[in-house]
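Colleague: Residues per chain are reported as follows:
There are 2 protein chains.
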Amino acid sequence: MNKKDNIVVIGAGLCGSLLALRLAQRGYKVAMYESRPDLRTTDISAGRSINLALSDRGFKALRLAGVEEKAREICIPMYGRLIHDTEGNTFASNYSGRNGEYINSISRGDLNGILLTEAENHENVTIHFNKKCTSVDIENTIVHFKDYETKEEFSVNADVVFGTDGAGSILRKSYYLERKFLFSYSQNYLTHGYKELEIPADALGKHQISKDHLHIWPRGKYMLIALPNLDGSFTVTLFLSYDEGEYNFNNLTTEEKITEFFEKEFPDALKLIPSIKDEFFNNPTGALGTVKCSPWSYKGNTLLMGDAAHAIVPFYGQGMNASFEDVTVFDEILDRCDGSWEEVFKEYQKQRKEDTDAIADLAIDNYYEMRDHVANPLFKQKRKIEMDLESNFPTEYFSKYSMVTFNDEISYSKAMKKGRAQDKALLNLIADNEVITSLDMTKEELAVVLKKVQEETNEILEEDKVAGLK
Amino acid sequence: MNKKDNIVVIGAGLCGSLLALRLAQRGYKVAMYESRPDLRTTDISAGRSINLALSDRGFKALRLAGVEEKAREICIPMYGRLIHDTEGNTFASNYSGRNGEYINSISRGDLNGILLTEAENHENVTIHFNKKCTSVDIENTIVHFKDYETKEEFSVNADVVFGTDGAGSILRKSYYLERKFLFSYSQNYLTHGYKELEIPADALGKHQISKDHLHIWPRGKYMLIALPNLDGSFTVTLFLSYDEGEYNFNNLTTEEKITEFFEKEFPDALKLIPSIKDEFFNNPTGALGTVKCSPWSYKGNTLLMGDAAHAIVPFYGQGMNASFEDVTVFDEILDRCDGSWEEVFKEYQKQRKEDTDAIADLAIDNYYEMRDHVANPLFKQKRKIEMDLESNFPTEYFSKYSMVTFNDEISYSKAMKKGRAQDKALLNLIADNEVITSLDMTKEELAVVLKKVQEETNEILEEDKVAGLK
Chain A
0 MNKKDNIVVI GAGLCGSLLA LRLAQRGYKV AMYESRPDLR TTDISAGRSI NLALSDRGFK
60 ALRLAGVEEK AREICIPMYG RLIHDTEGNT FASNYSGRNG EYINSISRGD LNGILLTEAE
120 NHENVTIHFN KKCTSVDIEN TIVHFKDYET KEEFSVNADV VFGTDGAGSI LRKSYYLERK
180 FLFSYSQNYL THGYKELEIP ADALGKHQIS KDHLHIWPRG KYMLIALPNL DGSFTVTLFL
240 SYDEGEYNFN NLTTEEKITE FFEKEFPDAL KLIPSIKDEF FNNPTGALGT VKCSPWSYKG
300 NTLLMGDAAH AIVPFYGQGM NASFEDVTVF DEILDRCDGS WEEVFKEYQK QRKEDTDAIA
360 DLAIDNYYEM RDHVANPLFK QKRKIEMDLE SNFPTEYFSK YSMVTFNDEI SYSKAMKKGR
420 AQDKALLNLI ADNEVITSLD MTKEELAVVL KKVQEETNEI LEEDKVAGLK
Chain B
0 MNKKDNIVVI GAGLCGSLLA LRLAQRGYKV AMYESRPDLR TTDISAGRSI NLALSDRGFK
60 ALRLAGVEEK AREICIPMYG RLIHDTEGNT FASNYSGRNG EYINSISRGD LNGILLTEAE
120 NHENVTIHFN KKCTSVDIEN TIVHFKDYET KEEFSVNADV VFGTDGAGSI LRKSYYLERK
180 FLFSYSQNYL THGYKELEIP ADALGKHQIS KDHLHIWPRG KYMLIALPNL DGSFTVTLFL
240 SYDEGEYNFN NLTTEEKITE FFEKEFPDAL KLIPSIKDEF FNNPTGALGT VKCSPWSYKG
300 NTLLMGDAAH AIVPFYGQGM NASFEDVTVF DEILDRCDGS WEEVFKEYQK QRKEDTDAIA
360 DLAIDNYYEM RDHVANPLFK QKRKIEMDLE SNFPTEYFSK YSMVTFNDEI SYSKAMKKGR
420 AQDKALLNLI ADNEVITSLD MTKEELAVVL KKVQEETNEI LEEDKVAGLK
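Chains as they are written, first to last, in numbering that gives the first Met the number 0: chain A, 0 to 469; chain B, 0 to 469.
Hint data in this document are derived by calculation from the structure and do not stem from the laboratory.
A couple of the hints might just be wrong.
If chains are identical, the list can't say which one is meant, so a pair holds when it fits in one copy or spans any two.
[As the list claims (entries may be wrong)] Pairs of lysine to any residue residues, derived as SDA-like cross-links and limited to a Cα-Cα distance of at most 20 Å, are as follows:
#, residue 1, residue 2
1, Lys451, Glu462
2, Lys179, Tyr241
3, Lys131, Asn111
4, Lys131, Arg39
5, Lys379, Leu81
6, Lys416, Gly467
7, Lys464, Val452
Use the sequences and the hints to build the structure in full.
Modeller: Next comes the structure, spelled out in structure tokens:
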């Protein structure tokens, strides 16, 4: 590693711009190439999630790069889920029983803009827009580009290449196609796709439904969610099967059928989405895929980071947070490792891979939880007890959701292992009537529940260990 | 589906030739294309496993096609594992506590030859050797080939195409590259590769070690196994890391180092492998990969079967059996489904996919079991009890291994679910001293163990169900 190394970052999205900024702050010179135009001056939102959930792991990385406060200024706190049933009734389910633990709705574009500006303002960074990476010669670290404006093709000779070029990464594709090593690779799609719709602000520019919540309309086979925007609108996302069930993307082809579907399943939401027909027909249907791969690096030449290394489905609200945490982890390794890039890259994957695998699996878990379980009585009892435990024993009980979302000192893999065991313990204790689940439990009663959950969780973990399960 | 349909089968390996034979027996006309020369007249064994384990699921499919007896004639029964320690001591571990349950070592080439001859003798089948499939136009069901002898390229226009072209399937690659649908796909490699060696027959043409066992030298970080051949030899396979640990494929580059490694870890085996140096340097190092994908079919045009759809690692001895069982399952669907090929293909995947996913996962489990656990005291106690339970309660207790290997009426997915729970139950009962594990247990004592294992297994399954785990 040498501060004079010619570093190329492919992709100036959320992960790439934060990485470039942080490398620049550490004294490295970075040239960043992005296929799209500058999103600060062009509207390129079509087809991508307009807002995302930002939480503790993301903030930690932003803090490291000195941009936490700028990000906080454009955040809308969401304290819990607000569940809507088909009658239009709602009930709230908090994300945490502790005060000050909430997630934040944030505009992808605005946050990316902040990071681009910070990076661009650093003397060590240059940003080149409209330059589409077409392939990477990983042996010779030569990156091939096409200029979208001039249509010219050109190549950049780098010392080190970082691929932060997202779920459809060209660097990753080059690993796959160049066949220089055994490349473990998976792309797995859910049977459902998604489509974005909009609840506009009211005439006064205010939010029409609670802006303090992430709204969910869980219906088992499909689901609608909505996250607030600063302008008073909500971005609504419909998750629906491509081709199964009575209603699916393949057969919702007429305005009548779309209206019938929404009137039956989401009547309260339908009233708030005036342009549903146009949006449904004009907005693209997105796929929901998980990408895992290994190795992430080739020698000391190239490294995949962010979605390029581990794209996940959006149901835990951790995609951006995981990519930002990549930068935190990579930075820590740069602090303690002064060997070659190759050693740094290997150490980085060694430390990081099981955590990104874990959040990918947790996000799939939450797909089922959000679709089905949030409206399930057993699950509701469990969440109620968890909130009570967290508020009464704030330093002793942490739900799986809290560990993943609000506790960046617990790795994703540890949060998954302990969180799953704890969920299993609690669900079985409730199902077997071994804990009280009355509405108003005293602290003494809750202390008994806490002890039982802890014991049962430890027993589950111990039994898995004896059985040689991970 | 029409008996006059022009059916092309790509790949005349084990699965392809059995499929072609069975389709022909049902009245379909099949043209089968194979990239290699005819293995009945050419030695093309290099680099592929010379012998394989054949068990009940495989026999069932062979029986369906009327070739079971011909296969049985070239089988060598293996009744259990024979474990070799570093001192040269051995102990046996049976595959089953019931009589008549054993696996069989069989020559891949000889079995493939039997199937080719049977297929070729059927008037509905034509076989074309040395024809390498280069790509498939899945929309128009046109298969492109190159003739390895004449070097000419040609295309075949089919009504239906079956891809039984193995782990490196060209049909599967065409799915991936044509991007006509969301194709979930994974290729995952273990950190270990494998290399084949040989224990020749003795001067009298006899086996030098027990031919009634599958031999294992488990060493944690590496493993040697040996399966008997009819000519008195054994095919030995070394499983070793590519680049980790004191000894690995990357650093075993001199005769001295290879000898040092084998003298230290496999001294008894070393004495029996006279050509170790030549074999180690000349035989290829194979990769151990798992391939899963979905969907297997495109419309009613094309279908992946066998390794092309689900390549697995060899540690459960089920690769060939799973591919043969594909043919059994497909045949059952043809019996009860008289719709279009598209319906048949969808129904086939619907019924079969979770089972091939399960055997892939079970094979990975067994990788760790064979490397580590077989020599572990807790695991040995468990196997001892399982053998006692199976011999005393032959209709009531079936180990995971028995369910997978000897009970073709239990699907792989059910065998995995129940088998894993049962293993966990038994290991925890032993670890907690809740069952007696003395050498000579009475039937009454074993009845108590059986009851406890059954109760604990059911409780584990019930607790997983409450927790929403699969």
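Colleague: Confirm or reject each hint.
Modeller: These are the hints, each one checked on the structure:
no.	hint	verdict
1	Lys451 <-> Glu462	both (16 Å within a copy, 16 Å between copies)
2	Lys179 <-> Tyr241	between (36 Å within a copy, 14 Å between copies)
3	Lys131 <-> Asn111	within (18 Å within a copy, 49 Å between copies)
4	Lys131 <-> Arg39	within (18 Å within a copy, 52 Å between copies)
5	Lys379 <-> Leu81	within (13 Å within a copy, 53 Å between copies)
6	Lys416 <-> Gly467	both (14 Å within a copy, 15 Å between copies)
7	Lys464 <-> Val452	both (18 Å within a copy, 18 Å between copies)
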